[in-house]
Amino acid sequence: MSSEWPLWEVFVRGQHGLSHRHVGSLHAADAEAAIRNARDVYTRRNEGVSIWVVEASAIAASSPEEKGPLYEPANDKVYRHPTFYDIPDDVGAM
Amino acid sequence: MSDPLFEFLCRMGDNALVLGHRVSEWCGVAPALEEDIALANTALDLVGQATLWLDLAAEVEGAGRDADALAFRRDVWDFRNLLLVEQPNGDFGQTMMRQFLFDAWHRAYLAALTDSSDTRIAAIAEKSLKEVTYHLDRSAETVIGLGDGTEESHRRMQTALDRLFPFVGEMFVTDEVDAAMITACIAPDPRSLRAGFDSYLAEVLAEAKLIQPSGDFSHKGGKSGARHSEHLGHMLTQMQWLQRAYPDATW
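One line per chain: the protein sequences are A and B, in this order.
For any residue, its number in the working numbering is found by taking its place in the first sequence, counting from 1, and adding 1131.
For any residue, its number in the working numbering is found by taking its place in the second sequence, counting from 1, and adding 680.
These aren't lab readings, by the way, just hints derived from the structure by calculation.
Every residue gets a Cβ at the ideal spot worked out from N, C-alpha and C, and that includes glycine.
Incorrect hints may have been included.
From the derived model, a few chain B residues whose C-beta atoms are all more than 12 angstroms from chain A [stated by the list, open to error]:
#, residue
1, A712
2, E715
3, I717
4, N721
5, A747
6, D758
7, R800
8, Y814
9, E856
10, G895
Computed list of lysine to any residue pairs in SDA-like fashion (alpha-carbon distance at most 20 angstroms, straight line) [said to hold, decoys possible]:
#, chain 1, residue 1, chain 2, residue 2
11, B, K807, B, G825
12, B, K810, B, S833
13, B, K807, B, K889
14, B, K889, A, I1218
15, B, K810, A, E1178
16, B, K900, A, V1172
17, B, K810, A, A1160
18, B, K807, A, N1177
19, B, K810, A, E1163
20, B, K810, B, A723
21, B, K810, B, A791
22, B, K810, A, V1172
23, B, K810, B, K889
24, B, K807, A, E1163
25, B, K807, B, A720
26, B, K807, A, V1180
27, B, K810, A, R1170
28, B, K810, A, I1182
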């Protein structure tokens, strides 16, 4: 067993109604300790109302080398953006 | 005896101040970044509580002093904190054991103070209780994690418990200041909190696989001010250094 605590990624929800955002990472022995550490490291200035932690090793990530095939095909498909509609002023900010 | 309400408020304020300063001594040197920040947060909570208690003490005293004057202009014999909180940090395990033993008492005592007949005291207790509930959650889980951890962490936590347990009894001593507070319905009888403390302690120590030392010998003299340990005077030379060297210094 490694003597190093595992790495956890921390997600904090700033206020009710918003989604959790990734704020950083930290080390902790287990999930409960990770939440306590996240509380102390990332919510000292009233940043959050909810904390999620997930072990960094449990996250599957896309590979930077694949960015061509993954993302570039969307570049010339402007019709996927809803920019061809006239939005009535009454709708307000979209 | 001076005004028992002033004495009582100094006891509350000095516990928070002295432990807050002790815990702040870890700032920058704790064993992990996460623990360093958590300890600094705890220290700041306690120093904040000390400010509230000592400001009220100064107001009750009515002698023109404020929280800063009480914190930085009194010498060791005027401090009214429990002997437990002035004990040196030792290793991280000893610091967390001291924190746990104090937090368990502190939470129960503050919870009772939220019903105080003095609304100013009830208000400070209510604010502090939220912070201290978190302190206890963290310190109890740390005691369990290290007690039931590796062979070395277990040994260190048992050593810390054996060393600090003789300071537990003072938290539950009732003297004439307490009697005056009980009569005025300002504060609870410390003795009434012992049974709840003992059963909670037994629960946490069992989970931490630690053995509670036998015997009920207890060091006393901190909260009465009769006899502090040699450690408090040394601590104050650090904490009060600026005011001693440069009285009334301003930015």
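For each hint, the structure was consulted:
| no. | hint | result |
| --- | --- | --- |
| 1 | A712 | violated (7 angstroms) |
| 2 | E715 | violated (8 angstroms) |
| 3 | I717 | violated (5 angstroms) |
| 4 | N721 | violated (5 angstroms) |
| 5 | A747 | holds (23 angstroms) |
| 6 | D758 | holds (33 angstroms) |
| 7 | R800 | holds (25 angstroms) |
| 8 | Y814 | violated (8 angstroms) |
| 9 | E856 | holds (40 angstroms) |
| 10 | G895 | holds (33 angstroms) |
| 11 | B:K807 <-> B:G825 | violated (28 angstroms) |
| 12 | B:K810 <-> B:S833 | violated (29 angstroms) |
| 13 | B:K807 <-> B:K889 | violated (33 angstroms) |
| 14 | B:K889 <-> A:I1218 | violated (66 angstroms) |
| 15 | B:K810 <-> A:E1178 | holds (17 angstroms) |
| 16 | B:K900 <-> A:V1172 | violated (37 angstroms) |
| 17 | B:K810 <-> A:A1160 | violated (25 angstroms) |
| 18 | B:K807 <-> A:N1177 | holds (16 angstroms) |
| 19 | B:K810 <-> A:E1163 | holds (19 angstroms) |
| 20 | B:K810 <-> B:A723 | holds (15 angstroms) |
| 21 | B:K810 <-> B:A791 | holds (10 angstroms) |
| 22 | B:K810 <-> A:V1172 | holds (18 angstroms) |
| 23 | B:K810 <-> B:K889 | violated (28 angstroms) |
| 24 | B:K807 <-> A:E1163 | violated (24 angstroms) |
| 25 | B:K807 <-> B:A720 | holds (19 angstroms) |
| 26 | B:K807 <-> A:V1180 | holds (18 angstroms) |
| 27 | B:K810 <-> A:R1170 | holds (14 angstroms) |
| 28 | B:K810 <-> A:I1182 | holds (18 angstroms) |
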